[in-house]
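Visitor: Since the structure of chain A is already known, use the hints to place chain B on it.
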Amino acid sequence: MTLAIDTQNLTCRFGDFTAVDKINLKIKEGNIYGFLGPNGSGKSTTIRMLCGILTPTSGTGQVLGFDILQEQEEIKKHIGYMSQKFSLYADMTVRENLEFYAGMYSLTGQIKKERMQEMLHMANLEMKENSLTATLSGGIKQRLALGCAILHRPKMLFLDEPTGGVDPKSRRLFWEIIYNLAAQGTTILVTTHFMDEAEHCDAVGFIYAGKLVATGTTGELKASISGKLLSLKSEDSLALLAQIQQAEIPYEDAYIFGKDLHILMADKHLTRLQNWPYEIIAPTMEDVFVHYIKFQTKEVTK
Amino acid sequence: MIRLRALLVKEFIQMKRDNITLAMMVMMPIAQLLVFGFAINTDVKHLKTVVFDQSLSAESRDLLTGFTASEYFDIKYVVSSFEAVNQKIESGDAKVGIIIPPDLSANLKHSRATPIQVIVDASDSTSASSAIATAQSVGQLKSQELLLAQKGISASAASLYNIRIRAWYNQDFITAYYMVPGIMGIILTMTMVMIMAMAIVRERETGTLEQLIVTPLKTYELMIGKIIPYIIIGYMQATIALIVGIAVFNLPIRGSIGLLYGLTSFFIMASLTLGVLISSLAKTQMQAMQMSFFIFMPSILLSGFIFPRDAMPTLFYALGQLLPLTYYLEILRGIILKGNSITLLWGQIFALVIFIAATLGLAIKKFSKTLD
Numbered sequence: 001m002t003l004a005i006d007t008q009n010l011t012c013r014f015g016d017f018t019a020v021d022k023i024n025l026k027i028k029e030g031n032i033y034g035f036l037g038p039n040g041s042g043k044s045t046t047i048r049m050l051c052g053i054l055t056p057t058s059g060t061g062q063v064l065g066f067d068i069l070q071e072q073e074e075i076k077k078h079i080g081y082m083s084q085k086f087s088l089y090a091d092m093t094v095r096e097n098l099e100f101y102a103g104m105y106s107l108t109g110q111i112k113k114e115r116m117q118e119m120l121h122m123a124n125l126e127m128k129e130n131s132l133t134a135t136l137s138g139g140i141k142q143r144l145a146l147g148c149a150i151l152h153r154p155k156m157l158f159l160d161e162p163t164g165g166v167d168p169k170s171r172r173l174f175w176e177i178i179y180n181l182a183a184q185g186t187t188i189l190v191t192t193h194f195m196d197e198a199e200h201c202d203a204v205g206f207i208y209a210g211k212l213v214a215t216g217t218t219g220e221l222k223a224s225i226s227g228k229l230l231s232l233k234s235e236d237s238l239a240l241l242a243q244i245q246q247a248e249i250p251y252e253d254a255y256i257f258g259k260d261l262h263i264l265m266a267d268k269h270l271t272r273l274q275n276w277p278y279e280i281i282a283p284t285m286e287d288v289f290v291h292y293i294k295f296q297t298k299e300v301t302k
Numbered sequence: 001m002i003r004l005r006a007l008l009v010k011e012f013i014q015m016k017r018d019n020i021t022l023a024m025m026v027m028m029p030i031a032q033l034l035v036f037g038f039a040i041n042t043d044v045k046h047l048k049t050v051v052f053d054q055s056l057s058a059e060s061r062d063l064l065t066g067f068t069a070s071e072y073f074d075i076k077y078v079v080s081s082f083e084a085v086n087q088k089i090e091s092g093d094a095k096v097g098i099i100i101p102p103d104l105s106a107n108l109k110h111s112r113a114t115p116i117q118v119i120v121d122a123s124d125s126t127s128a129s130s131a132i133a134t135a136q137s138v139g140q141l142k143s144q145e146l147l148l149a150q151k152g153i154s155a156s157a158a159s160l161y162n163i164r165i166r167a168w169y170n171q172d173f174i175t176a177y178y179m180v181p182g183i184m185g186i187i188l189t190m191t192m193v194m195i196m197a198m199a200i201v202r203e204r205e206t207g208t209l210e211q212l213i214v215t216p217l218k219t220y221e222l223m224i225g226k227i228i229p230y231i232i233i234g235y236m237q238a239t240i241a242l243i244v245g246i247a248v249f250n251l252p253i254r255g256s257i258g259l260l261y262g263l264t265s266f267f268i269m270a271s272l273t274l275g276v277l278i279s280s281l282a283k284t285q286m287q288a289m290q291m292s293f294f295i296f297m298p299s300i301l302l303s304g305f306i307f308p309r310d311a312m313p314t315l316f317y318a319l320g321q322l323l324p325l326t327y328y329l330e331i332l333r334g335i336i337l338k339g340n341s342i343t344l345l346w347g348q349i350f351a352l353v354i355f356i357a358a359t360l361g362l363a364i365k366k367f368s369k370t371l372d
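In order, the protein sequence lines correspond to chains A and B.
Start counting the first sequence at 1; every next residue gets the next number (the UniProt record's numbering).
Start counting the second sequence at 1; every next residue gets the next number (the UniProt record's numbering).
Next up, chain A with everything else stripped away, as it sits in the complex (with noise of 0.2 Å):
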């Protein structure tokens, strides 16, 4: 299988600041890709530099085949790109915003007509095309962003923080667009930090501090935990851990979930639980994320 995202120790750095430091990132064609990250861990920079509009400190990468110091331009028309904040111009209406993004992609007359009634459609903005941007919900905006951004069929699709502040409903719906788009062929890279959304990707990377701690499968990342994840059910979740941490029970990880306490726990240390009774549980990406970035942590400050 060939990679439509390839990386070599790709560094940026600002000043004396990492941004992002000697990542190896591999994205198979056609796959949706799950870049998770706090927010300032790098996330954007990598894209930024992926797309060819920042120059890496050092590394270097290929997208689409494309090499990303030297063939930027290439790497321009076969890219999409939509950020968080929907660039689209609010004195404008969809259309004149789809026309005008038609035009920066450089198509013409029937295959732009097509595709512009494509957009419409697939976005579900046939009746306001004639809409002023600015009178739009944040669930239409995104889909006229995303529509705006693959409007030329991009074979690699970057999505930074695509579904910040957006309804729920809306959030199924972009999903279901982009299940299709990839369905079709196209590669996308999408930025989040809402963990559930992890879930909807083929791979996933974990991005903290500028550095790539964990990548594969969600299904991987989950196994790849060390120890069980435990719900002890109880009325009083903060003095049920109290008691825990006097029994001087090693435990990796604790937070305390809807009323119940979950654990990470090794499983050597399992017996000494029997006094509460507890169900082992299969973890969250969101347990992953936090047992990554705890473990990364602790590398970190040693």
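By construction, these hints were calculated from the structure, which means they are not laboratory data.
Keep in mind that the hints are not guaranteed to be accurate.
[Unchecked claim] Dumping the calculated DMTMM-like pairs for lysine to aspartate or glutamate here, alpha-carbon to alpha-carbon at most 25 Å:
id: 1; chain 1: B; residue 1: LYS283; chain 2: A; residue 2: ASP167
id: 2; chain 1: B; residue 1: LYS283; chain 2: A; residue 2: ASP16
id: 3; chain 1: A; residue 1: LYS85; chain 2: B; residue 2: GLU203
id: 4; chain 1: B; residue 1: LYS218; chain 2: A; residue 2: ASP16
id: 5; chain 1: A; residue 1: LYS85; chain 2: B; residue 2: ASP18
id: 6; chain 1: B; residue 1: LYS366; chain 2: A; residue 2: ASP16
Bear in mind the structure is a predicted one, so any value in this text is a computation, not a measurement.
Guide: Just chain B now, with coordinates in the frame of chain A:
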């Protein structure tokens, strides 16, 4: 070409939707020309004058007639004490005070010089200098008249030096002739620099600039697409200013109007590139606006718009030479008032071309850096 056309279409749509800005750009030349053209008059006449005449003689009346006949002094108050003179000037009721001593007639009979005190409120230097110059020449003229009368010589035979003054290019000292070309330059500076800077910074603020640079759009296409609509606006403003100048102020256009339009393009370009440079430095529209104002003040003060450049200290004279408006004003006044042909304006054109090349080079360099 497809990309550039799409960009231009977009710019014009946005311009059309922004009615207020568009109206401002049309109204500004009209409003400013009317205000500056009618209100500003550097030749200050009819200053309110207070008189304390202690002589109350035929001679003192004659002298005062000399003052009023000059049209610079309007005798509004006649008082009978020094305190009253002070009070009128301090309160601002009068700008000038004339005090004639009691021994005027006696002194004149014995051909003795008499001090006539003229007090001028110099807190406003323009009117003060008019008053001082006129008062001095009134004194000299009147003295000459009296001396000649005593010696029985006719006035026409008296002047051995006959200085004949011809005020070229503006015989009647019409301030509007001088102001209208200046205001045209000022308006173009204000709109071109600020609107250009804001137009780019706004795209940066809303994130559309970031979106544009991930498309295949080239930096030069972006610059051209942004600049062309404002060149049109610039010409529109210049045309409005000229029409108002001709229709309202009877501004004579002595040189070639074609040359004027042609050379205006250099100034518009210079202002626009300055706007682009500002946009590459400013992060927000607020900053862009403040930086634009940072350019306006020296443009107004150092370009020769109101204050003559020849009187400036060397440093400020040199600073004025860095401003495109300085050269454009020379071009405008040269063509409009003096009827200059291009042969006399190569120096100014050359200066503007250098300015454009330097700012554009710097702006493009800075621009591609800020995208990083």
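Visitor: Check the structure against each numbered hint from earlier and tell me which ones fail, lowest number first.
Guide: Result: hints 1, 4 break, sorted rising.
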